[in-house]
Amino acid sequence: ANRQRTRAQELASQTEARRAEAVEQRVIAEAAVEKEKATRREAERQRVIAEQQTLEVGRQRARAEAALKEAEEQRAEAERLRKAAEEALRNLSLTDQLTGLYNYRGFINLAEHHLKIARREMHPSLLIYADMDGLKEINDTLGHTVGDKAIRAVARATRSLVRADDMLFRWGGDEFLVLMFKLPQPEA
Numbered sequence: 071a072n073r074q075r076t077r078a079q080e081l082a083s084q085t086e087a088r089r090a091e092a093v094e095q096r097v098i099a100e101a102a103v104e105k106e107k108a109t110r111r112e113a114e115r116q117r118v119i120a121e122q123q124t125l126e127v128g129r130q131r132a133r134a135e136a137a138l139k140e141a142e143e144q145r146a147e148a149e150r151l152r153k154a155a156e157e158a159l160r161n162l163s164l165t166d167q168l169t170g171l172y173n174y175r176g177f178i179n180l181a182e183h184h185l186k187i188a189r190r191e192m193h194p195s196l197l198i199y200a201d202m203d204g205l206k207e208i209n210d211t212l213g214h215t216v217g218d219k220a221i222r223a224v225a226r227a228t229r230s231l232v233r234a235d236d237m238l239f240r241w242g243g244d245e246f247l248v249l250m251f252k253l254p255q256p257e258a
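Read left to right, the sequence shown gives residues 71 to 258 (this note's numbering).
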């Protein structure tokens, strides 16, 4: 009977040890499951942060691209304005302010080029010199304002008499030049 009791106590002790070990294993397994859940939650949190950062980088890139495009458009507009200003300055340097006709510098710059073309294409050209009579008397008696009006009137009248392809110049003061191209060939 003692032996049986001892044996029963040993079995009870072994069962209790196994039960304690099983509980310990269950606690360890639950802790591992909780740890895995925490790791998954952290991984998910990191994934969400990474997605947000990716979205933010995308937004920043879009803003940077838009700013770059705007800067390029502004550069192109500035270049267009620069070219327009250069062209306006060039035209001012070649144009007589009073009449709007080409001036002496305009004649020098443009006539040579157009005469070369006329020679190459074998088109006859003609240079006409005209001088206003009486401008000094108009200026002396009626004033320079009236003299300027007379110069403008002669420029308008001359412009209305020449062809669109012909070039009209105010050489200076009361002198005008007309450069005519593509004249009909003289008959032999």
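Keep in mind that the hints were calculated from the coordinates and are not lab data. Think of the CB as a built atom: it goes at the ideal place given N, C-alpha and C, for glycine as much as any other residue. There's no promise every hint is true.
Claimed, not checked - In silico DSBU-like links for lysine-lysine, alpha-carbon gap of 35 Å or less:
1. 219 <-> 252
2. 219 <-> 206
3. 186 <-> 139
4. 139 <-> 153
5. 186 <-> 153
6. 153 <-> 252
7. 153 <-> 219
Unchecked claim - Estimated spans, in silico, between C-beta atoms of each pair:
8. 182 <-> 227: 34 to 40 Å
9. 136 <-> 97: 18 to 24 Å
10. 211 <-> 157: 26 to 32 Å
11. 111 <-> 82: 27 to 33 Å
12. 108 <-> 81: 35 to 41 Å
13. 175 <-> 136: 17 to 23 Å
- Message: Within 35 to 41 Å: is that where the Cβ-Cβ distance between residue 108 and residue 81 falls?
- Response: 40 Å, holds
- Straight-line alpha-carbon gap residue 139 to residue 153, limit 35 Å: 21 Å, holds
- Outcome for the supplied range 18 to 24 Å, where the beta carbon pair is residue 136 and residue 97: 58 Å, violated
- Query: Within 35 Å, alpha carbon to alpha carbon, are residue 186 and residue 153?
  - Reply: 27 Å, holds
- Query: Cβ-Cβ distance between residue 111 and residue 82: within 27 to 33 Å?
  - Reply: Between residue 111 and residue 82, where Cβ atoms are some 42 Å apart, the hint is violated.
- Quick one, are residue 153 and residue 252 close enough, alpha carbons at most 35 Å? 31 Å, holds
- Within 35 Å, alpha carbon to alpha carbon, are residue 219 and residue 252? Between residue 219 and residue 252 the Cα gap is close to 32 Å, so the pair holds against 35 Å.
- Task: State, for the Cβ atoms of residue 211 and residue 157, whether the hinted interval 26 to 32 Å holds or is violated.
- Result: 40 Å, violated
- Task: With a cut-off of 35 Å on the C-alpha distance, tell me whether residue 219 and residue 206 pass.
- Result: 13 Å, holds
- Measure nothing beyond the straight line between the CA atoms of residue 186 and residue 139; if it is 35 Å or shorter, mark the hint as holding. 44 Å, violated
- 35 Å Cα cutoff - pair residue 153, residue 219: Distance of about 33 Å is within 35 Å: holds.
- When you take the CB atoms of residue 175 and residue 136, is the distance between them in 17 to 23 Å? 46 Å, violated
Violated hints, listed in ascending order, are 3, 8, 9, 10, 11, 13; each of the other numbered hints is respected by the structure.
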